[in-house]
Amino acid sequence: MADGNSIGYGETALVSTPRPRVGSMRRFARRRSLFAILLCSPLIALVVGLQFYPAGYAFYLSMLNRKMTGFVLFDNFTFLMGQDSFQLVVFQSCLFAVSAVVFKALLGFILAHLMHNIRGQNQRIWRGLLLIPWVIPLALSTLTWWWLFDPAYSALNWTLKWFGLPSIPFLGTVWNARISVIVVNVWFGAPFFMIMYLAALKSVPEQLYEAAAIDGAGAVQRLFFITLPMMRNIILITVLYSLIVTFADFDIVRILTNGGPQDGTHLFATYAFQVGIQSGNIPRGAAVSLFMFPILAALAFFVLRDVIKRNKEITA
Amino acid sequence: MSATIARPGSLHRQRQWTLWGSYTALSFFVVVFLVPPFYMLMTSLKSSAEISAEAGNPWYPHSPTLANYMTLLGSDSFMRYFFNSVWVTAVVVVVSMVISILSAFALSRMGFKGAQVLSTGVFLTYLIPPSLLFIPLFQIVGWLGLINSTWVLVLLFPTLAVPFATWIMIGYFSSIPKELDEAALIDGASYMQILVQIFIPVALPGIIAATIFAFTISWGAFLYPLAYLYSADQVTLTVGIVRDLIRGDVFAWGMIMAACVIGAAPPIIIYTFLMDYYVAGLTAGSTKG
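So the protein sequences, as listed, match chains A and B. Using the numbering used here, you'd call the opening residue of the first sequence number 1 and step up by one each time. Using the numbering used here, you'd call the opening residue of the second sequence number 1001 and step up by one each time.
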């Protein structure tokens, strides 16, 4: 992407066009800056008005009482922390995000390797087939999963029975439901990991493997000493990004279990929706959402560290 | 795949084995991954009577029928959901692309004070999930009088689409050689001319990728329409289908799955033709280094 020759445009332009008058140069630069900011103004308005401002406003909201008439400071937070159902939310959100991302990454890694063995037009077709789960709107595919898990007429249970196995209440018990929502998330997200890892695999120079083969390195050694180090960056970025998105997931749990059974599958997002929008306790709902903030901020920090490097190269 | 040192014959044989092994494993994964879409399609072809009979193999329709699709296409409320999704998505895609192309051009080529901060800020907003902000936004769209109006989506979806679209476009724009626009600038072209006549045509693959991204976000979004829209004439497809189901006493699964097929078709069709652009846009930037 960012090629080697990304030196700041402004500077080079000024230096390489020989012009005698300094004053007009400066005026040109200032006019250009103004124009650039004008071009960016819709973006700035969007980001500040509909992202940063609401984020700040969330902190203010979370410190109000239910009727939003007075300050209660951190009462909403302390109340939530003392509540059993909220502790479950924290536990389930972490369990959901971490296990789903681990499985997505592993599965994506395996799929990418398999895909990498196939070349040319065939690879396009197989990749396309595996991408389908990721292309269907999540809300709609989750509905299908619900129908697959349906207790009365579950196609999955019918198949288990056909093989002579006992049927499973997929969404009936807390742990079954927890595993089910993770399965759906892995199903949806693994193709994304596959694409990213496949692109990373393609960027590893073939000569490295050839050299390793000549030196007598086995498959395991090639994996640990060439593939993984070369893919390190993309693995990190993808995992961090996916942790953020998975942690804040809403659609799957909302549709599949709506937090049940016994509030065992609520995530921060679905719990915030229930408290804030459905029960109308806006400040407490905002507080639930904000519990995500420190974790998301920490993850974002690590992603951004990498990204800032790239920005320096481009905009310098 | 590379192979270990050996005589030429065994090398070839080993490659052959790797290939067939990969095909076998991939076939297994494809079958597993395609179970839900397959079941979605199969159920949509069953009549309500067949589904409620709960008899026989559920994996295929015993007497396939298009009745569910016919009912949906004749249903005012479903067509309303679909139409809402279409116009919202169309507006959001156009608005998002205009915003991101203009700002990506300025950010990648017009080096001004704060450009770095701004591009980092743009990426930061890409990392803010909608579930973090939907409650304060509920208040804000309330002040704007947009609760239960489809326009709220036109206002909010760009916040999800623009950051990443801008990000993709910055990447594509900065891969265009500087000499190209330097030369144009010396010849007296204005920045807008450079953008329209050089950058947009050259970065077309990136524009396609960003457009598909904006489309996907807008078409499939669930949280915002669920939180801010409640009457049937305002909601979009995803929420319309899910709500109808949750509210209805009878679980008309055949109909619901047919609705899901109709909702899933546009993205699948688009990705069938333009997948390569999208994959390139998605993986660009992150693969280097």
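Keep in mind that the hints were calculated from the coordinates and are not lab data. Be aware that a few hints might be false.
[Unchecked claim] Residues from chain B that keep clear of chain A, each with C-beta distances beyond 12 Å, as calculated:
| no. | residue |
| --- | --- |
| 1 | 1013 |
| 2 | 1116 |
| 3 | 1158 |
[Said to hold, decoys possible] Looking from chain B toward chain A, a few residues come up when the C-beta cut is under 7 Å (computed):
| no. | residue |
| --- | --- |
| 4 | 1026 |
| 5 | 1148 |
| 6 | 1151 |
[Stated by the list, open to error] Here are the simulated BS3-like pairs of lysine-lysine, each with C-alpha atoms no more than 30 Å apart in a straight line:
| no. | chain 1 | residue 1 | chain 2 | residue 2 |
| --- | --- | --- | --- | --- |
| 7 | A | 202 | B | 1178 |
| 8 | A | 202 | A | 309 |
| 9 | B | 1113 | A | 309 |
| 10 | B | 1178 | A | 309 |
| 11 | B | 1178 | B | 1113 |
Beta carbons: idealized from backbone N, C-alpha and C, even for Gly.
Violations among the numbered hints:
2, 3, 5, 6
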